[in-house]
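Colleague: Below, each chain spelled out in residue letters.
2 protein chains.
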Amino acid sequence: TLWSLILVCLLVYAVLKFNSTMSHPLLPSTSFSDLLPAKNGEEPTMQFLLEVVDILTNYIRKTFDRSTKVLDFHHPHQLLEGMEGFNLELSDQPESLEQILVDCRDTLKYGVRTGHPRFFNQLSTGLDIIGLAGEWLTSTANTNMFTYEIAPVFVLMEQLTLKKMREIIGWPNGEGDGLFSPGGAISNMYSVMIARYKYFPEVKTKGMSAAPRLVLFTSEHSHYSITKAGAALGFGKENGYVPLFVNATAGTTVYGAFDPINDIADICEKYNLWLHVDGAWGGGLLMSRRHRHKLSGVERANSVTWNPHKMMGVPLQCSAILVREKGILQGCNSMCAGYLFQPDKQYDVTYDTGDKAIQCGRHVDIFKFWLMWKAKGTVGFEQHIDRCLELSEYLYNKIKNRPGYEMVFQGEPQHTNVCFWYIPPSMRNMPDGEERRERLHKVAPKIKAMMMESGTTMVGYQPQGDKVNFFRMVISNHAATRSDIDFLIDEIERLGHDL
Amino acid sequence: TLWSLILVCLLVYAVLKFNSTMSHPLLPSTSFSDLLPAKNGEEPTMQFLLEVVDILTNYIRKTFDRSTKVLDFHHPHQLLEGMEGFNLELSDQPESLEQILVDCRDTLKYGVRTGHPRFFNQLSTGLDIIGLAGEWLTSTANTNMFTYEIAPVFVLMEQLTLKKMREIIGWPNGEGDGLFSPGGAISNMYSVMIARYKYFPEVKTKGMSAAPRLVLFTSEHSHYSITKAGAALGFGKENGYVPLFVNATAGTTVYGAFDPINDIADICEKYNLWLHVDGAWGGGLLMSRRHRHKLSGVERANSVTWNPHKMMGVPLQCSAILVREKGILQGCNSMCAGYLFQPDKQYDVTYDTGDKAIQCGRHVDIFKFWLMWKAKGTVGFEQHIDRCLELSEYLYNKIKNRPGYEMVFQGEPQHTNVCFWYIPPSMRNMPDGEERRERLHKVAPKIKAMMMESGTTMVGYQPQGDKVNFFRMVISNHAATRSDIDFLIDEIERLGHDL
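Residue numbers (the numbering used here), protein chains in the order written: chain X, 1 to 499; chain E, 1 to 499.
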């Protein structure tokens with residue numbers, strides 16, 4: 001009996017262990033129609049969601065593991081033809097939940113791990129766990145920012161966070177206005193619209209013909225969204241007409257350069273022009289006592305674009321347009337739709353934001369950012385930014401005099417952008433000239449293609465003006481360390497050595 | 001020893017049970033800096049995420065339980081002053097993860113359950129479990145639609161889904177183009193931009209002054225986003241100039257009315273005008289063999305807005321702009337930014353979508369929709385839509401001759417919109433006139449306010465033209481049943497009886 005009892009003990013242990021591991025797998029025949037709101041749908045719903053979470057947490061675990069590839073590259077035609085068991089085509093009949101889980105796994109398998117410590121391809125990189133939790137909650141709440149009525153907590157979070165951002169910009173008492181928009185391009189478009197409304201309010205009802213021909217000023221290196229906004233809003237890009245708006249870029253996309261805001265503000269004040277600061281990329285530096293001087297004069301701007309989804313590591317999408325003058329956003333965009341923004345609600349309707357926006361429905365982009373701010377504090381963002389800039393300084397110092405590297409612009413980078421050419425040994429003694437330029441132009445694309453095929457790391461490249469293709473390294477990923485920078489350089493040399 | 005062994009058995013059982021229930025709760029001192037990418041961050045990360053999921057699954061469970069309130073209403077000043085333990089203010093120093101979990105719980109507690117079977121307040125209602133899983137995965141993948149390079153799977157899913165939608169619209173072979181945009185208002189804005197580009201391409205570079213004064217046509221009941229687009233893009237709203245664009249609404253916001261697309265298309269063809277169909281709300285009916293005739297002629301449109309996040313129950317945001325002519329979206333919006341859309345990539349770069357969009361970064365809105373389509377099949381969407389329309393028919397038949405109810409428009413609703421006045425007993429014998437109108441105008445807001453205070457259900461109201469405030473009931477929630485409709489009517493009568 002003693003042994004049989006030990007046996008029972010082990011059995012109990014085994015059963016429980018098994019139970020807690022498997023937690024009732026979904027039956028193969030279960031389909032979407034068994035889930036909530038179906039009768040008795042609670043159990044399959046919880047099972048299904050926990051299986052999805054299991055897939056996601058495994059993905060997250062592996063994303064931070066450097067032995068995992070950044071991507072498993074396939075050409076469009078390969079994915080379209082269908083990988084083993086993964087078919088992108090939609091059909092008339094439902095799939096089982098078992099197949100849906102396989103689809104989820106495969107979607108991640110053939111995607112790109114933008115949170116991987118060696119993913120440096122875009123301005124937005126990294127996977128912040130708090131931000132991620134915030135997004136999961138946001139999608140569970142599944143609501144809309146247009147009224148306090150259906151998003152009371154989120155509307156207030158947006159208001160408080162925008163005020164805090166305006167305080168950091170330096171507007172007195174954080175006064176002013178703002179909104180989160182679906183990205184920097186739309187935020188920049190808002191700035192142009194508001195500027196036009198400020199000087200020529202009659203355009204709202206009478207169209208562009210009510211104003212003289214207007215001109216927007218922006219630098220050659222500024223983001224193309226300013227030109228896009230000009231085209232969309234009916235400005236065109238002609239010269240010789242009435243100046244309206246000046247965009248100063250705080251952190252250009254390629255070089256990470258900061259326009260001298262104070263100098264530009266002097267001119268704008270003198271000629272009564274709207275000053276917009278596009279800090280989509282560089283705005284985050286305002287959080288750092290060490291680096292915020294690069295935006296000095298930003299408090300003189302009439303409007304500022306600032307994307308927490310870039311330098312501050314917030315998951316996509318999270319972009320703010322901030323406006324110094326209160327009320328103008330409403331004036332510019334309101335259409336007073338009675339079916340949404342009833343004046344006779346039981347609460348203070350000035351909290352309804354919908355009539356300020358060019359959107360009607362507006363996704364909740366605030367919560368993840370608010371939650372990250374709670375979890376990290378202002379100091380946490382500062383540390384993140386200082387660390388990224390230190391890393392790029394490390395990269396700059398590592399390669400500036402290294403054989404085979406040429407820097408694209410002189411001097412230390414102002415942001416985390418480090419722009420450089422890698423010169424393969426076979427080209428190092430070539431005289432300058434068209435032949436060398438042509439060959440060099442092909443080096444970065446070739447290395448990038450090999451990187452993607454081998455899946456080890458990803459970094460961007462582009463030409464700029466008369467400069468042939470060069471690498472643009474940017475660091476916003478909080479998972480990256482010096483060893484990852486070293487790895488990138490080793491990898492460029494390994495792949496480019498024989499070109 | 002026999003007893004001690006039994007005791008050991010029970011002990012093992014208890015420990016395991018405890019373990020599986022508690023699964024290592026987070027230590028009170030754990031903070032964001034202990035999570036990945038921190039060294040040994042894997043365990044706390046998994047614990048934290050599972051605790052978040054626990055909060056979310058409890059929320060979901062309760063959302064579908066009719067004994068749960070739809071909302072726990074508080075005024076803005078109450079939430080701003082801070083509820084017990086819930087403080088919206090941001091601070092310099094980090095909070096513990098324990099507090100972050102409390103914040104998550106409270107955020108949901110003071111929010112609105114848009115997935116509750118008795119939430120009828122907006123065009124977008126309901127919480128689809130597959131769609132939710134899709135959103136969780138999307139935020140874990142945290143990438144950007146602008147290039148195939150970093151969103152290979154999602155870009156292809158978008159392409160295939162848009163093609164399928166164009167086939168359903170009835171364009172030959174599903175040819176054409178399109179994009180998912182951050183909502184119907186932006187989709188409608190795209191349509192106006194493309195129309196202008198089609199007839200006056202020089203506006204892109206020369207501004208509105210390169211075109212004659214142009215006019216957009218849309219009905220009085222159409223969505224305000226058409227007027228907003230006109231204002232933003234520099235048209236204004238003057239009469240007497242050159243017609244360019246006609247918007248036909250398929251499912252107006254308040255009445256759910258469908259414009260006669262074929263008749264409008266005849267005129268557009270005769271005068272060579274751009275025909276846009278705003279099917280943000282009504283587009284979903286294309287999925288139903290029984291109801292798609294309401295959009296007949298839609299295949300003659302030049303562009304169509306269709307929001308799966310409304311009638312098809314997809315989580316917010318999910319809106320498509322579909323364009324019949326291939327290439328025009330690119331022509332209209334391209335700015336050829338070399339740093340994003342390099343022509344010398346190793347894959348077929350026609351899959352890069354960024355230069356078609358007015359956005360730069362673009363959130364992944366496709367996956368949840370694609371996953372729902374996989375799980376439900378085309379037939380699943382059809383069933384959902386037919387069911388919602390049946391429910392609204394049930395409501396219409398229930399109240400059309402019921403004492404105390406007056407319908408706002410005559411005849412059966414075309415969509416799920418049922419618009420009605422509730423007349424409290426005290427008003428039923430009042431003669432028509434200004435006094436009655438004034439009193440009636442206040443009835444819906446009062447009932448709505450009481451509904452929100454008691455948290456039992458939510459339905460919208462608004463005035464329209466010369467009609468005083470009336471209820472607009474809409475059904476897109478797949479959790480709603482006849483008993484919920486009955487409940488709504490009982491609740492209106494309970495709350496409004498003594499007014």
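Do not rely on the hints blindly, as some may be mistaken.
In this list, chains with the same sequence are indistinguishable; a pair is considered to hold if it fits within one copy or across any two.
Said to hold, decoys possible - Result set (EDC-like, lysine to aspartate or glutamate): computed pairs, CA atoms no more than 20 Å apart in a straight line:
#: 1; residue 1: 39; residue 2: 484
#: 2; residue 1: 345; residue 2: 438
#: 3; residue 1: 69; residue 2: 42
#: 4; residue 1: 467; residue 2: 95
#: 5; residue 1: 164; residue 2: 490
#: 6; residue 1: 206; residue 2: 42
#: 7; residue 1: 39; residue 2: 65
#: 8; residue 1: 294; residue 2: 344
#: 9; residue 1: 39; residue 2: 299
#: 10; residue 1: 109; residue 2: 453
#: 11; residue 1: 69; residue 2: 484
#: 12; residue 1: 109; residue 2: 498
#: 13; residue 1: 442; residue 2: 299
#: 14; residue 1: 62; residue 2: 42
Bear in mind the hints are in silico, worked out from the structure with no lab data behind them.
Colleague: Compare the structure with each hint and give your call.
Modeller: Results for each hint:
{"no.": "1", "hint": "39 - 484", "in the structure": "between (51 Å within a copy, 15 Å between copies)"}
{"no.": "2", "hint": "345 - 438", "in the structure": "between (66 Å within a copy, 16 Å between copies)"}
{"no.": "3", "hint": "69 - 42", "in the structure": "between (37 Å within a copy, 18 Å between copies)"}
{"no.": "4", "hint": "467 - 95", "in the structure": "neither (51 Å within a copy, 47 Å between copies)"}
{"no.": "5", "hint": "164 - 490", "in the structure": "neither (42 Å within a copy, 45 Å between copies)"}
{"no.": "6", "hint": "206 - 42", "in the structure": "neither (56 Å within a copy, 59 Å between copies)"}
{"no.": "7", "hint": "39 - 65", "in the structure": "between (42 Å within a copy, 11 Å between copies)"}
{"no.": "8", "hint": "294 - 344", "in the structure": "neither (47 Å within a copy, 34 Å between copies)"}
{"no.": "9", "hint": "39 - 299", "in the structure": "neither (57 Å within a copy, 39 Å between copies)"}
{"no.": "10", "hint": "109 - 453", "in the structure": "within (15 Å within a copy, 47 Å between copies)"}
{"no.": "11", "hint": "69 - 484", "in the structure": "within (13 Å within a copy, 50 Å between copies)"}
{"no.": "12", "hint": "109 - 498", "in the structure": "neither (31 Å within a copy, 61 Å between copies)"}
{"no.": "13", "hint": "442 - 299", "in the structure": "neither (43 Å within a copy, 45 Å between copies)"}
{"no.": "14", "hint": "62 - 42", "in the structure": "between (30 Å within a copy, 10 Å between copies)"}
In this structure, the hints that do not hold are numbers 4, 5, 6, 8, 9, 12, 13, in rising order.
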